[in-house]
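Model the placement of chain B on the given structure of chain A, informed by the hints.
Protein chains in written order, with the numbering used here: chain A, 1 to 243; chain B, 1 to 243.
These are computed hints drawn from the structure, not numbers from a lab. Worth double-checking, as some hints may not be accurate.
Copies of the same chain look alike in the list, so a pair counts if it fits in one copy or across any two.
Stated by the list, open to error - The list that follows gives simulated cross-link-like pairs (lysine-lysine, DSS-like), each with its CA atoms no further than 25 Å apart:
#1 K137 - K240
#2 K195 - K208
#3 K158 - K97
#4 K119 - K62
#5 K158 - K237
#6 K232 - K179
#7 K179 - K237
#8 K53 - K208
#9 K233 - K119
#10 K208 - K233
#11 K187 - K232
#12 K53 - K194
#13 K232 - K92
#14 K92 - K144
#15 K233 - K152
#16 K107 - K152
#17 K62 - K225
#18 K240 - K152
#19 K221 - K62
#20 K119 - K240
#21 K208 - K92
#22 K221 - K119
#23 K119 - K107
#24 K144 - K53
#25 K119 - K237
#26 K158 - K225
#27 K179 - K221
2 protein chains.
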Amino acid sequence: MNIIKLDAINSTNDYLKTLLQRQFVENFTIVSAENQTNGRGQMGSEWSVEQGKSLTFSVLVKDLLLEISHIFHLNVAVAVSVVEALSFLQIKDLAIKWPNDIMAEGKKIGGILIENSIKSDGEIFSIVGIGLNVNQKNFENLQKASSISILKNQEFDKQEILATILQNLGRNISLVMNKNTEPIWEKYHSVLYKKNVPMPFENTHGQKFMGIIQNVNQEGKLLIKLEDESVKKFNIKQIKMLY
Amino acid sequence: MNIIKLDAINSTNDYLKTLLQRQFVENFTIVSAENQTNGRGQMGSEWSVEQGKSLTFSVLVKDLLLEISHIFHLNVAVAVSVVEALSFLQIKDLAIKWPNDIMAEGKKIGGILIENSIKSDGEIFSIVGIGLNVNQKNFENLQKASSISILKNQEFDKQEILATILQNLGRNISLVMNKNTEPIWEKYHSVLYKKNVPMPFENTHGQKFMGIIQNVNQEGKLLIKLEDESVKKFNIKQIKMLY
Numbered sequence: 001m002n003i004i005k006l007d008a009i010n011s012t013n014d015y016l017k018t019l020l021q022r023q024f025v026e027n028f029t030i031v032s033a034e035n036q037t038n039g040r041g042q043m044g045s046e047w048s049v050e051q052g053k054s055l056t057f058s059v060l061v062k063d064l065l066l067e068i069s070h071i072f073h074l075n076v077a078v079a080v081s082v083v084e085a086l087s088f089l090q091i092k093d094l095a096i097k098w099p100n101d102i103m104a105e106g107k108k109i110g111g112i113l114i115e116n117s118i119k120s121d122g123e124i125f126s127i128v129g130i131g132l133n134v135n136q137k138n139f140e141n142l143q144k145a146s147s148i149s150i151l152k153n154q155e156f157d158k159q160e161i162l163a164t165i166l167q168n169l170g171r172n173i174s175l176v177m178n179k180n181t182e183p184i185w186e187k188y189h190s191v192l193y194k195k196n197v198p199m200p201f202e203n204t205h206g207q208k209f210m211g212i213i214q215n216v217n218q219e220g221k222l223l224i225k226l227e228d229e230s231v232k233k234f235n236i237k238q239i240k241m242l243y
Numbered sequence: 001m002n003i004i005k006l007d008a009i010n011s012t013n014d015y016l017k018t019l020l021q022r023q024f025v026e027n028f029t030i031v032s033a034e035n036q037t038n039g040r041g042q043m044g045s046e047w048s049v050e051q052g053k054s055l056t057f058s059v060l061v062k063d064l065l066l067e068i069s070h071i072f073h074l075n076v077a078v079a080v081s082v083v084e085a086l087s088f089l090q091i092k093d094l095a096i097k098w099p100n101d102i103m104a105e106g107k108k109i110g111g112i113l114i115e116n117s118i119k120s121d122g123e124i125f126s127i128v129g130i131g132l133n134v135n136q137k138n139f140e141n142l143q144k145a146s147s148i149s150i151l152k153n154q155e156f157d158k159q160e161i162l163a164t165i166l167q168n169l170g171r172n173i174s175l176v177m178n179k180n181t182e183p184i185w186e187k188y189h190s191v192l193y194k195k196n197v198p199m200p201f202e203n204t205h206g207q208k209f210m211g212i213i214q215n216v217n218q219e220g221k222l223l224i225k226l227e228d229e230s231v232k233k234f235n236i237k238q239i240k241m242l243y
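Okay, chain A solo, but in the shape it has when bound (with noise of 0.2 Å):
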């Protein structure tokens, strides 16, 4: 079985939605779990966790977003806060898989699930959902799966985590409202996973083929050059990338 199950946080984000139903949710409201028990990753799979040993979190973040098209700047944003707090760790390696995998070492540590809601009345908010595998050791069968813990070997606190990456967020999320994303995007194209590599991909059709990832673009497409030399766009449901 090769599929990463641990890709991301659904129940904290879940909350907060059924939160912001029921009441007013103040920005930057932060809900976090010290165990899940309704995880799911993406692809609505199963996600099971060693009861307390890692760190799931949601961020509410309201109004950033004044344009629909300048959604992928918060992911960027978020993504490059979480790769910021673990290279201050000194994780080695580190990486961002597009969109939004974090990596070291080549195994998957972490990830992100923003959804974004944009409401015809004007409304945006965003619920940045962010988990990370901070202090288990044991990934059944998810050989490409890897721990903060296991990498450094030795354990760590979750709370100084969470601050650290809170800390790097609210710096982070300024740059987007002041409209100097530069930054950001600069670091994410610096860290990207498998960049400027040979590397094989699938398409919707199943269809494989070689590219070379160049970068992302502000929309969140991935820009690959193909075998002609031409280079071409997909978003995530088109394209799977293999390894």
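Same frame as chain A, but now just chain B:
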């Protein structure tokens, strides 16, 4: 009191959202409410209806929009579907007040609230909430609100209206799916409220100014010709129509 409080229907939308968090919900699922006890208008205002006299329902639309930039096509398809159903009932002077209010004879008779959810894992779905004043007769203090029943001086069968709207919606959503959006945009522009008429507006700083609505662009922004003949784009948060 001059605020129109019949804008949009949140509670069937909320019901659908909660359902989606809990279980698989089929595309084009419809939630219709005979009585809305928790309906909210725009800006969180309370919305009181005469029990059972309004048509309020929500429709789930999944994976229609594969590009974030195409979000407004759905708004257009929905607004046009409602207008077409009302033309069928021979309601006169129908118009769509940008972005999504349904007008007849200069009064508001319905509202649409679309909530688009876009996840970083590529999932896009929209919850389309539609509210129509069908058989209400009383709109205390709401001088700019009316109902189909008042306009036509007869009672209507809500279920028949619902069926007609859904039929139109099916057809118009097919157009969007087939990327043949020209016809619905043409219709939308042909019934755009106050198009080509000098009108007062107010910006976010409370400044009033005169302008003439030109059209709505593909991103859903309102293009207004100003007194200096320049044309400026506004999103829904940036402008208020004073009428």
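>> Tell me the hint numbers this structure goes against, listed in increasing order.
In response: 1, 5, 8, 12, 13, 15, 17, 18, 21 and 26
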